[in-house]
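Peer 1: The primary structure of each chain is shown beneath.
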Amino acid sequence: MIFFSHQFAVFTGLFFIAYWAVPIPLARRLLLLLASVTFQVHFSGPAGVLPIIVLAVGTYFVALSRNRLLCALWITVCALALIFYKYTHFLFQGIIGVAFPDLAKSGEEALAGILPTLPPLGVSFFVFEFVHYLMEIRRGHRPIRSPLTFALFTSFWPSLVAGPIKRYRQFSVSLSHGARNVSSDDVIAGMVRLAIGICKKFLGDVLTSWIQSQQASFDVLPLSVRWGIVVAIAFRILLDFSGYSDMAIGFARMMGIRLPENFNWPYIAHSITDFWRRWHISLSTWIRDYIYIPLGGSRHGLMRKSLNGFIAMALCGLWHGAAWNFALWGVYHGVGLAIAGALPLPRLLSEKPPLVFSSFRPAALAATWLAWRGFSWAATMLFVMIGWLLFFYPVDQAFHMTLRLFSH
Amino acid sequence: MTRKADRSQDRQAAPHESGRNSARFASFVVGAVLAFAICAAVGWKASSSNIFRDFGRFHTRLSPESFFQPTAREVMALARELLDKNKVNVVIGGSSVFYGVGQPEGQTIADNLRRDLGENYRVINLAMRGGDVSGIAEQTVEMLLREQYRVVYVSDIAVGGTVTLLGSTPYQYYFWDARARNMLIDWPARDQRLTLPWYAEQRMSAMLNKYLYFMDLWNTIGYDYVFTVYSTLIPGHFWQARKDLPDNEIDPPEQFRYRNGELELQLIKRISEMPTEPEWTLVGTALETALPDVVRKSAVLAVCENSPWLLEQAAPETQAIRKAMRERMVKRVMEVGPSSLLACEGFEKDDYIDRVHLSVSGAAKIAPRLADRVRATSRNNGWVQ
Numbered sequence: 001m002i003f004f005s006h007q008f009a010v011f012t013g014l015f016f017i018a019y020w021a022v023p024i025p026l027a028r029r030l031l032l033l034l035a036s037v038t039f040q041v042h043f044s045g046p047a048g049v050l051p052i053i054v055l056a057v058g059t060y061f062v063a064l065s066r067n068r069l070l071c072a073l074w075i076t077v078c079a080l081a082l083i084f085y086k087y088t089h090f091l092f093q094g095i096i097g098v099a100f101p102d103l104a105k106s107g108e109e110a111l112a113g114i115l116p117t118l119p120p121l122g123v124s125f126f127v128f129e130f131v132h133y134l135m136e137i138r139r140g141h142r143p144i145r146s147p148l149t150f151a152l153f154t155s156f157w158p159s160l161v162a163g164p165i166k167r168y169r170q171f172s173v174s175l176s177h178g179a180r181n182v183s184s185d186d187v188i189a190g191m192v193r194l195a196i197g198i199c200k201k202f203l204g205d206v207l208t209s210w211i212q213s214q215q216a217s218f219d220v221l222p223l224s225v226r227w228g229i230v231v232a233i234a235f236r237i238l239l240d241f242s243g244y245s246d247m248a249i250g251f252a253r254m255m256g257i258r259l260p261e262n263f264n265w266p267y268i269a270h271s272i273t274d275f276w277r278r279w280h281i282s283l284s285t286w287i288r289d290y291i292y293i294p295l296g297g298s299r300h301g302l303m304r305k306s307l308n309g310f311i312a313m314a315l316c317g318l319w320h321g322a323a324w325n326f327a328l329w330g331v332y333h334g335v336g337l338a339i340a341g342a343l344p345l346p347r348l349l350s351e352k353p354p355l356v357f358s359s360f361r362p363a364a365l366a367a368t369w370l371a372w373r374g375f376s377w378a379a380t381m382l383f384v385m386i387g388w389l390l391f392f393y394p395v396d397q398a399f400h401m402t403l404r405l406f407s408h
Numbered sequence: 409m410t411r412k413a414d415r416s417q418d419r420q421a422a423p424h425e426s427g428r429n430s431a432r433f434a435s436f437v438v439g440a441v442l443a444f445a446i447c448a449a450v451g452w453k454a455s456s457s458n459i460f461r462d463f464g465r466f467h468t469r470l471s472p473e474s475f476f477q478p479t480a481r482e483v484m485a486l487a488r489e490l491l492d493k494n495k496v497n498v499v500i501g502g503s504s505v506f507y508g509v510g511q512p513e514g515q516t517i518a519d520n521l522r523r524d525l526g527e528n529y530r531v532i533n534l535a536m537r538g539g540d541v542s543g544i545a546e547q548t549v550e551m552l553l554r555e556q557y558r559v560v561y562v563s564d565i566a567v568g569g570t571v572t573l574l575g576s577t578p579y580q581y582y583f584w585d586a587r588a589r590n591m592l593i594d595w596p597a598r599d600q601r602l603t604l605p606w607y608a609e610q611r612m613s614a615m616l617n618k619y620l621y622f623m624d625l626w627n628t629i630g631y632d633y634v635f636t637v638y639s640t641l642i643p644g645h646f647w648q649a650r651k652d653l654p655d656n657e658i659d660p661p662e663q664f665r666y667r668n669g670e671l672e673l674q675l676i677k678r679i680s681e682m683p684t685e686p687e688w689t690l691v692g693t694a695l696e697t698a699l700p701d702v703v704r705k706s707a708v709l710a711v712c713e714n715s716p717w718l719l720e721q722a723a724p725e726t727q728a729i730r731k732a733m734r735e736r737m738v739k740r741v742m743e744v745g746p747s748s749l750l751a752c753e754g755f756e757k758d759d760y761i762d763r764v765h766l767s768v769s770g771a772a773k774i775a776p777r778l779a780d781r782v783r784a785t786s787r788n789n790g791w792v793q
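Residue numbers (this note's numbering), protein chains in the order written: chain Z, 1 to 408; chain S, 409 to 793.
No wet-lab data here; the hints were simulated from the structure. Being a predicted model, the structure only gives us computed values, none of them experimental. Be careful, since some hints might not be right.
A short list of chain Z residues far from chain S (calculated; beta carbon distances all over 12 Å) [claimed, not checked]:
{"#": "1", "residue": "W20"}
{"#": "2", "residue": "V54"}
{"#": "3", "residue": "A99"}
{"#": "4", "residue": "L238"}
{"#": "5", "residue": "I311"}
{"#": "6", "residue": "W377"}
Here are the computed lysine to any residue pairs in the SDA-like style, where the Cα-Cα straight-line distance is at most 20 Å [stated by the list, open to error]:
{"#": "7", "chain 1": "S", "residue 1": "K618", "chain 2": "Z", "residue 2": "T12"}
{"#": "8", "chain 1": "S", "residue 1": "K618", "chain 2": "Z", "residue 2": "L382"}
{"#": "9", "chain 1": "S", "residue 1": "K618", "chain 2": "Z", "residue 2": "G374"}
{"#": "10", "chain 1": "S", "residue 1": "K739", "chain 2": "S", "residue 2": "R665"}
{"#": "11", "chain 1": "S", "residue 1": "K618", "chain 2": "Z", "residue 2": "A9"}
{"#": "12", "chain 1": "S", "residue 1": "K618", "chain 2": "Z", "residue 2": "F8"}
{"#": "13", "chain 1": "S", "residue 1": "K618", "chain 2": "Z", "residue 2": "L14"}
{"#": "14", "chain 1": "S", "residue 1": "K618", "chain 2": "Z", "residue 2": "G13"}
Below, a sample of chain S positions facing chain Z; criterion: calculated Cβ distance under 7 Å [what the hints assert, rightly or not]:
{"#": "15", "residue": "R432"}
{"#": "16", "residue": "F433"}
{"#": "17", "residue": "Y607"}
{"#": "18", "residue": "E609"}
{"#": "19", "residue": "M612"}
{"#": "20", "residue": "L616"}
{"#": "21", "residue": "T689"}
{"#": "22", "residue": "T693"}
Cβ coordinates follow ideal geometry from the N, Cα and C atoms, glycine included.
Please model the entire structure based on the sequences and the hints provided.
Peer 2: What follows is the structure, given as structure tokens:
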């Protein structure tokens with residue numbers, strides 16, 4: 001991946017030397033923009049940077065107009081661009097092709113000339129940030145007037161590859177601070193964070209190699225090793241995602257800029273709700289703010305709340321990749337969240353021990369509460385880990401592997 | 409946020425890092441630079457002398473296959489220790505055939521050749537599994553020739569097989585490493601073809617390593633102390649110091665030989681199509697491009713045919729095509745410089761362990777044939793009487 005190439009190492013080395021050496025804030029901003037554009041152009045892949053530039057320029061001017069209708073229209077354009085670049089193949093093969101294979105084939109052939117083999121680098125992050133920005137403008141917040149600041153919000157290179165998804169108001173303030181003054185504390189904290197990210201990514205890669213070497217013989221492995229693989233998958237995903245986030249946050253901090261946190265010990269969560277408060281926080285809050293709440297959130301009864309949750313989580317799943325297993329992984333968590341929020345039994349898995357235990361003596365209550373927390377944590381982890389099989393493998397394989405976890 | 413506000417903030421943002429902050433920052437930078445410099449110096453020092461002990465070959469647990477990537481400096485340090493400028497040196501290269509799959513340590517082609525050639529020669533086995541005529545061994549030959557060693561390069565080449573420009577993919581890093589350090593022979597025919605975009609990352613890696621010696625340092629740590637990258641080839645011991653992992657190549661027992669006989673027979677049929685004239689031309693051109701002329705002049709390329717036991721089971725027309733291909737291959741190779749021989753003519757079923765790899769007895773049989781060619785090449789070059 002990009003952060004682990006030697007070309008990237010040289011790029012960052014030269015960039016930071018220049019960034020720290022230049023004392024003028026405006027020059028720092030210009031240097032950061034130059035680096036971000038260079039990064040995007042160099043690593044953009046076959047799709048190039050033109051689609052992102054068009055979307056960014058449109059977003060900037062539409063936001064300046066502060067016209068709610070125009071904002072809504074441009075949000076639609078951004079979403080369509082994302083669907084076109086990232087989901088066209090899935091739409092044809094995974095949906096249309098199921099019922100009308102000829103239509104899907106001819107459709108793909110018609111688009112073959114204009115659809116690049118890979119989507120533009122970071123297109124999901126770009127679109128989510130543009131949508132966030134335009135939604136905030138629609139809600140009455142003031143747009144970024146400076147083209148330079150907007151360009152930096154758009155193209156800030158540390159968060160281009162794997163987030164975190166930025167919020168423009170926090171970022172603008174932080175950018176301004178970073179351009180004015182980078183303290184040694186920032187640089188050291190950033191480097192430590194970067195080192196943690198690199199180590200996490202490295203450990204994640206070791207786990208990936210081990211998982212790949214074992215998964216072919218999953219069916220014939222002892223049950224304990226099968227469960228070991230599932231646990232390894234869970235840690236591999238965490239280490240990989242959070243490693244990249246740590247690196248992005250570390251790079252930004254080395255510039256004196258703070259990016260939002262993305263992970264907060266998700267595997268100590270004791271409920272599904274708690275898990276989503278700790279896992280990929282910038283994405284889950286984005287989904288909450290710009291999909292779940294606009295759909296009605298929890299305001300229109302249990303059924304509607306559950307339906308909104310399913311839709312939001314299915315989209316969250318699809319954001320990770322254009323395949324059915326991602327969508328089903330999202331729905332799986334949507335179901336988990338709905339059950340956790342609706343039924344008495346899963347509610348017992350959340351924050352507090354059931355009231356029935358309150359009549360116990362304090363020591364017994366504490367012990368019971370601890371046991372309850374342990375049980376709720378184990379149940380949550382079981383749910384999450386089985387979900388990762390769906391995230392990692394095609395649906396039928398994930399289902400088969402899940403069955404094999406519970407049979408000799 | 410208005411543009412005015414932005415400008416105002418920028419004006420406030422004069423470079424006013426406090427003196428204390430600047431001093432801390434400067435000391436941090438100096439510390440970081442010093443740490444890098446020390447690591448680079450240790451890497452340089454480590455690869456200045458041979459790190460490999462009791463070297464036989466780059467076996468699977470000590471090769472790029474298992475993510476141990478010896479650098480050009482390290483291999484040269486090894487070669488300097490094992491070879492002798494006052495003698496004729498033989499560098500074995502090529503694929504798993506000459507690496508010695510199926511031949512335990514001490515019974516490889518290289519070991520037999522060493523015994524056959526005697527005291528006036530030195531032999532080192534740098535062949536790699538999945539390797540090629542070009543690659544680590546050939547590039548080491550270039551480096552040795554630059555240091556005025558007398559070298560005969562001995563490699564296997566498949567019937568009808570071509571040669572890649574820089575060696576097989578897992579070993580290409582070595583070319584870029586040696587090239588960045590200016591250790592290779594200038595060879596414009598090869599250099600002109602190094603423009604592919606996917607070479608950029610390897611080139612950059614080698615350029616960084618040239619100054620920072622991180623690969624050299626990490627190899628020393630990995631060889632002597634602890635390894636950090638998981639490899640499916642050594643799943644239970646991937647962290648172990650590579651020096652503690654012995655060469656585990658075995659002489660396979662009878663029941664493990666020719667295990668995929670039927671599949672291999674089908675493969676023989678598939679690869680037995682007489683190349684066209686342009687394709688034969690390409691075989692020679694690829695050799696001329698990948699190997700500098702000075703290397704080709706002192707190279708012995710052994711054309712190794714598939715197991716005769718399997719060939720005998722193929723259709724008569726397939727056998728006829730293979731025969732014609734073998735003879736044409738030898739001729740084409742010799743046209744572009746190297747000495748070439750049909751190295752496995754007259755071999756029997758037991759001289760192979762599968763379609764291509766020689767058994768211990770095959771290694772013992774092929775070595776005298778190679779030794780003759782090595783002596784002839786040495787005489788032709790005026791190194792021996």
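Peer 1: Could you run down the list of hints and mark each one as holding or not?
Peer 2: Evaluation of the provided hints:
Separation of Z:W20 from chain S is inadequate, the least Cβ-Cβ distance of about 8 Å not exceeding the 12 Å criterion. Once the 12 Å rule is applied to beta carbons, Z:V54 is consistent with being away from chain S; the minimum gap is 23 Å. For Z:A99, the requirement that its beta carbon stay farther than 12 Å from each beta carbon of chain S is met, with the minimum near 40 Å. Every CB of chain S is more than 12 Å from the CB of Z:L238 (nearest about 18 Å), matching its label as outside the interface.
For Z:I311, the requirement that its beta carbon stay farther than 12 Å from each beta carbon of chain S is met, with the minimum near 33 Å. Every C-beta of chain S lies more than 12 Å from that of Z:W377, the closest at about 29 Å, which supports listing it as non-interface. Between S:K618 and Z:T12, the direct Cα distance comes to roughly 19 Å. Compliance with the 20 Å bound is thereby established for this hinted pair. Of the supplied pair hints, the one linking S:K618 and Z:L382 is violated, its CA atoms being roughly 49 Å apart against a limit of 20 Å.
Straight-line distance between C-alpha atoms of S:K618 and Z:G374 comes to about 53 Å, which puts the hinted pair past the 20 Å bound. About 32 Å separates the Cα atoms of S:K739 and S:R665, which puts this hinted pair outside 20 Å; it is violated. Restraint check for S:K618 and Z:A9: the C-alpha separation of about 15 Å stays at or below 20 Å, so the hint holds. The suggested pairing of S:K618 with Z:F8 holds, with an alpha-carbon distance near 17 Å, which does not exceed 20 Å.
Distance check on the hinted pair: S:K618 and Z:L14 sit about 18 Å apart at the alpha-carbon level, within 20 Å; holds. The straight-line distance between the Cα atoms of S:K618 and Z:G13 is roughly 16 Å, inside the 20 Å bound, and the hint therefore holds. Below 7 Å, beta-carbon pairs count as interface contacts, and S:R432 has one with chain Z at about 4 Å; its hint therefore holds. Nearest Cβ of chain Z to the Cβ of S:F433: about 4 Å, under the 7 Å cut. The hint holds.
Below 7 Å, beta-carbon pairs count as interface contacts, and S:Y607 has none with chain Z, the closest being about 12 Å; its hint is therefore violated. With a cut of 7 Å, the hint placing S:E609 at the interface with chain Z holds, because the nearest CB-to-CB distance is about 6 Å. Interface hint at S:M612: satisfied, since its Cβ lies 4 Å from the closest Cβ of chain Z, which is below the 7 Å cut-off. A distance limit of 7 Å between C-beta atoms decides the matter here; for S:L616 the minimum to chain Z is near 6 Å, and the interface restraint holds.
The interface hint given for S:T689 is violated, since its Cβ lies 34 Å from the closest Cβ of chain Z, which is over the 7 Å cut-off. Proximity of S:T693 to chain Z is violated relative to the hint, the smallest CB-CB distance being about 31 Å (cut-off 7 Å).
Of the numbered hints stated above, those contradicted by the structure are hints 1, 8, 9, 10, 17, 21, 22, listed in ascending order.
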